[in-house]
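2 protein chains.
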Amino acid sequence: MQTPPPRCGLQSSTLLGMISVFGHLNPDTDAVTAALVYAHLLSRSGTPATAYRLGDLNLETAYVLREAGLDAPELLFSLPAGSLVALVDHNESAQSLPNLAELDVRYVVDHHKLGDLTTSQPASLRFEPLGCTATLLLKLHREAGLSIEPVDARLLLSAILSDTLHFRSPTTTVADRDAAAFLAPIAGIDDVAGYAMQMFAAKSNLGDIAADKLLKMDYKVFPFGTQTWGIGVVETTNPAYVFGRQAELLSAMQAEKAAAQLDGVLLGVVDILNETNRMLVPSETEAGVVQAAFGVETQGGLADLGQLISRKKQIIPALEAYFST
Amino acid sequence: MQTPPPRCGLQSSTLLGMISVFGHLNPDTDAVTAALVYAHLLSRSGTPATAYRLGDLNLETAYVLREAGLDAPELLFSLPAGSLVALVDHNESAQSLPNLAELDVRYVVDHHKLGDLTTSQPASLRFEPLGCTATLLLKLHREAGLSIEPVDARLLLSAILSDTLHFRSPTTTVADRDAAAFLAPIAGIDDVAGYAMQMFAAKSNLGDIAADKLLKMDYKVFPFGTQTWGIGVVETTNPAYVFGRQAELLSAMQAEKAAAQLDGVLLGVVDILNETNRMLVPSETEAGVVQAAFGVETQGGLADLGQLISRKKQIIPALEAYFST
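Taken in sequence, the protein lines are chains Z and X.
Each residue of the first sequence is one higher than the one before, starting from 1 at the first, in the working numbering.
Each residue of the second sequence is one higher than the one before, starting from 326 at the first, in the working numbering.
Pulled out of the complex, with its shape left as it was, chain Z reads as follows:
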């Protein structure tokens, strides 16, 4: 295991002039590793940058960083207005720091649709419709003529395996597969399938996690026209565990809906190995929308979405289409 590189010696004070790099709230492996690798890339290119995270590590990301011998990036709650920032793996204000509109966004590297982001001046923005931010970050290294260091290769490979569910997700592109094949030997990971299984097992090892934390592990808030919904996903190799806690989870969803004044909350439970999605549906409101948007009936608080396992590519577009009519 390597010693963490000096870029992870994080500062407790934020310097104006130093670029702060972070992924979305409720960070997943792509959000955290993209911040680390992009901050490193910017710094190597002459733009000093520091990686942060906007929330607790999930179990998979904690495993990835532990295996890489790295500390987690520092947790960030706020930045002063005018701070220079680089956004990775997100661009919408609902998924970022609360005062994003006051920050000076200089860089974005993302693979999501463009939401409500604006910049106060011309900036460097890179969006590509890929399975993972990490695949785009590999491309940026090549364009900059920089080799990928082994620890960065491990982080990028982990993010690709995570975001594509080891190439099972319909968001997977040829570029994601090529990137993973290129990165694995540099990362020193011979058995990619075995490593992916270990990552997914770590993510599925949920123990006695509180239901509200389980709901929020991979959870994003989306505006749909005049409505605002919270959509969570639990990707697991052990869906039986999650369904065993269904009553608790449905209560936690109701509580979150009230506390955050949302119009609806859904939680997809994705069986990674069988590539299926059964969704927890907390009330008649959500059941009606799920029926209308997906043609799927809710029974006993559960809607079987079959192979619609991608929130980004399948769930959100269907909900957007429904709410825009």
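Rather than coming from a laboratory, the hints here were simulated on the basis of the structure.
Using N, Cα and C, we set each Cβ at its ideal position, and we do this for glycine too.
A hint or two may mislead.
Stated by the list, open to error - Far from chain Z, some chain X residues (derived; all Cβ distances over 12 Å):
no.	residue
1	439
2	440
3	442
4	446
5	455
6	471
7	513
8	546
9	565
10	566
11	616
12	629
13	646
To be verified - If we take Cβ atoms under 7 Å as the criterion, some of the chain X residues that face chain Z in the derived model are:
no.	residue
14	423
15	424
16	427
17	437
18	438
19	443
20	444
21	447
22	449
23	450
24	648
Unchecked claim - Cut-off 27 Å, straight-line C-alpha distance, at most; resulting in silico cross-link-like pairs (DSSO-like, lysine-lysine):
no.	chain 1	residue 1	chain 2	residue 2
25	X	438	Z	139
26	Z	139	Z	113
27	Z	257	Z	113
28	X	464	X	438
29	Z	257	Z	213
30	Z	312	Z	257
31	X	538	X	464
32	Z	113	X	637
33	X	438	Z	113
34	X	541	X	582
35	Z	313	Z	113
36	Z	113	X	464
37	Z	113	Z	312
38	Z	257	Z	313
39	X	464	Z	139
Use these hints to put chain X onto chain Z, whose structure you have.
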């Protein structure tokens, strides 16, 4: 003079599935040439694309295309909802087709700040803070491993000279200069300074153009908070001609303000060779804003903005700062 390449054999019907590529309303040389070169690049990369323009050619662009032996791209007024589009040299709805929000934006190549653009799904977006879209297009050719054809090199070089006023504008970057130096020999243009002077002379040869057309030659509408302003620029080697028509122009500005229900209209008259900007100010309303935003007094309908010659980098940011306080 070369025969126009087949990519300029424009279709009269727009095919869904074919990408339509266009720059901003009131197109300038960068907007028109970027559409031509990017449509060509997309097509060479396996994505069939057609270039369009959203308005009449200005005199400089007409000169550039004539010298290149090319026809103008077809004029575009509208596209059916859902059409696939690539935006070049702009991203804000006020500068694009009226139903931009209904179009399926798949690609953007731009060097302006990010405005109100959103995409309905993940797309390929490239923004860099450069002097010209053309400089970014050269980079995209290199990344795609494609050589620049001579006619494209001529178009890109022309755009760089136009947008940077032959490197006089404060928006000019090292990358713009490097791109021009790389492109000139491929374009077969030995005397770059002489060619730039011919472009600027063509642009300044305004003859008996109607005052409302002169106002609109390089004119963009900008939202500032709750207000909407129209800001035109005349870049000329012969400012005396423009000031000789000052009374007509001030009337045309008043008429446009009323017709388009704008809160203010300004017209900067940029002396290309001396790198100065004197602005036509049609009423007390605009005079008050110019005084507050730039600390410059208006006398006889004119405000002397000195060396503030860049709308993008100097004029708009100052107005935004004023209206945001």
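Hints, verified against the model:
{"no.": "1", "hint": "439", "result": "violated, 4 Å"}
{"no.": "2", "hint": "440", "result": "violated, 6 Å"}
{"no.": "3", "hint": "442", "result": "violated, 6 Å"}
{"no.": "4", "hint": "446", "result": "violated, 5 Å"}
{"no.": "5", "hint": "455", "result": "violated, 8 Å"}
{"no.": "6", "hint": "471", "result": "holds, 15 Å"}
{"no.": "7", "hint": "513", "result": "holds, 29 Å"}
{"no.": "8", "hint": "546", "result": "holds, 16 Å"}
{"no.": "9", "hint": "565", "result": "holds, 33 Å"}
{"no.": "10", "hint": "566", "result": "holds, 32 Å"}
{"no.": "11", "hint": "616", "result": "holds, 23 Å"}
{"no.": "12", "hint": "629", "result": "holds, 25 Å"}
{"no.": "13", "hint": "646", "result": "violated, 9 Å"}
{"no.": "14", "hint": "423", "result": "violated, 19 Å"}
{"no.": "15", "hint": "424", "result": "violated, 14 Å"}
{"no.": "16", "hint": "427", "result": "violated, 10 Å"}
{"no.": "17", "hint": "437", "result": "holds, 6 Å"}
{"no.": "18", "hint": "438", "result": "holds, 5 Å"}
{"no.": "19", "hint": "443", "result": "holds, 5 Å"}
{"no.": "20", "hint": "444", "result": "holds, 4 Å"}
{"no.": "21", "hint": "447", "result": "holds, 4 Å"}
{"no.": "22", "hint": "449", "result": "holds, 5 Å"}
{"no.": "23", "hint": "450", "result": "holds, 4 Å"}
{"no.": "24", "hint": "648", "result": "violated, 13 Å"}
{"no.": "25", "hint": "438(X) x 139(Z)", "result": "holds, 23 Å"}
{"no.": "26", "hint": "139(Z) x 113(Z)", "result": "holds, 19 Å"}
{"no.": "27", "hint": "257(Z) x 113(Z)", "result": "holds, 25 Å"}
{"no.": "28", "hint": "464(X) x 438(X)", "result": "holds, 19 Å"}
{"no.": "29", "hint": "257(Z) x 213(Z)", "result": "holds, 14 Å"}
{"no.": "30", "hint": "312(Z) x 257(Z)", "result": "holds, 21 Å"}
{"no.": "31", "hint": "538(X) x 464(X)", "result": "violated, 35 Å"}
{"no.": "32", "hint": "113(Z) x 637(X)", "result": "holds, 26 Å"}
{"no.": "33", "hint": "438(X) x 113(Z)", "result": "holds, 18 Å"}
{"no.": "34", "hint": "541(X) x 582(X)", "result": "holds, 12 Å"}
{"no.": "35", "hint": "313(Z) x 113(Z)", "result": "holds, 10 Å"}
{"no.": "36", "hint": "113(Z) x 464(X)", "result": "holds, 23 Å"}
{"no.": "37", "hint": "113(Z) x 312(Z)", "result": "holds, 9 Å"}
{"no.": "38", "hint": "257(Z) x 313(Z)", "result": "holds, 24 Å"}
{"no.": "39", "hint": "464(X) x 139(Z)", "result": "holds, 14 Å"}
Taken one by one, the earlier hints fail for this structure at numbers 1, 2, 3, 4, 5, 13, 14, 15, 16, 24 and 31, listed in ascending order.
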